[in-house]
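Can you make the complete structure from the sequences, with help from the hints?
If you read the protein sequences in the order shown, they are chains Y and R. No gaps in the numbering here: position 69 of the first sequence is 69 in this note's numbering, and each next residue is one more. No gaps in the numbering here: position 33 of the second sequence is 33 in this note's numbering, and each next residue is one more.
Keep in mind that the hints are not guaranteed to be accurate.
As the list claims (entries may be wrong) - One side only, chain Y facing chain R, incomplete, derived with CB under 10 Å:
no., residue
1, Val78
2, Ala93
3, Ile104
4, Gly106
Keep in mind that the hints were calculated from the coordinates and are not lab data. Computed from a predicted model, the values in this text were never measured in an experiment. Ideal placement from N, C-alpha and C gives every residue a C-beta, glycine not left out.
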Amino acid sequence: AQKITQTQPGMFVQEKEAVTLDCTYDTSDPSYGLFWYKQPSSGEMIFLIYQGSYDQQNATEGRYSLNFQKARKSANLVISASQLGDSAMYFCAMVLYNQGGKLIFGQGTELSVKP
Amino acid sequence: ETGVTQTPRHLVMGMTNKKSLKCEQHLGHNAMYWYKQSAKKPLELMFVYSLEERVENNSVPSRFSPECPNSSHLFLHLHTLQPEDSALYLCASSLAISGTNEQFFGPGTRLTVL
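Given below as structure tokens:
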């Protein structure tokens, strides 16, 4: 069965430092995509970054980068130069290309950025 | 307005009430989704619509009834809910239901069932 695991319920980071949020996934399907979303206290899920299983390079979007290690089935999110506004819940999610848009989410990591 | 909007943002209802949640997307997308987010649990996909046709119904109780009158609007009709149905209900849309299309989420409706 497909599954996403986020083992860090909560993380703290000092402002301006980098932080890595862990995500491992489980699937036997070779065609999949991995997403990271941010959910502030307001509730809205904000798309951050996407990595396809066939992508050769790690995805980057501004201060966000995805450390994709296919053999280890991990897709960790790296946030560089943390800002106070980065404090939020972060969710890793997986979609199987042949299952039409069905996102499977992990349980999330709550990130707190300290001034 | 832009993006995905949801109304109401907060809803309190009794178990015998009937209410509806509304979602509207202004992105020209063809797929829309309902998710349930309960405390301490991952988001659970409830329904998927593609071009106004339901393509996924994830074993959701019949007290939740979705409706998609057109590709821009999605409703979730609620009746005789239980207290355990209290949760954040999130609507999302994507260009299509293929896996490479990211889903854009609305702000959610926080539902409390008394």
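Hint check:
1. Val78: Result: violated, 19 Å to nearest chain R Cβ.
2. Ala93: Hint on Ala93/Y: holds, closest Cβ of chain R at ~8 Å, below 10 Å.
3. Ile104: With a closest approach of 8 Å, the Ile104/Y hint holds.
4. Gly106: holds (6 Å)
Hint check: a violation occurs at hint 1 only; the rest are consistent with the structure.
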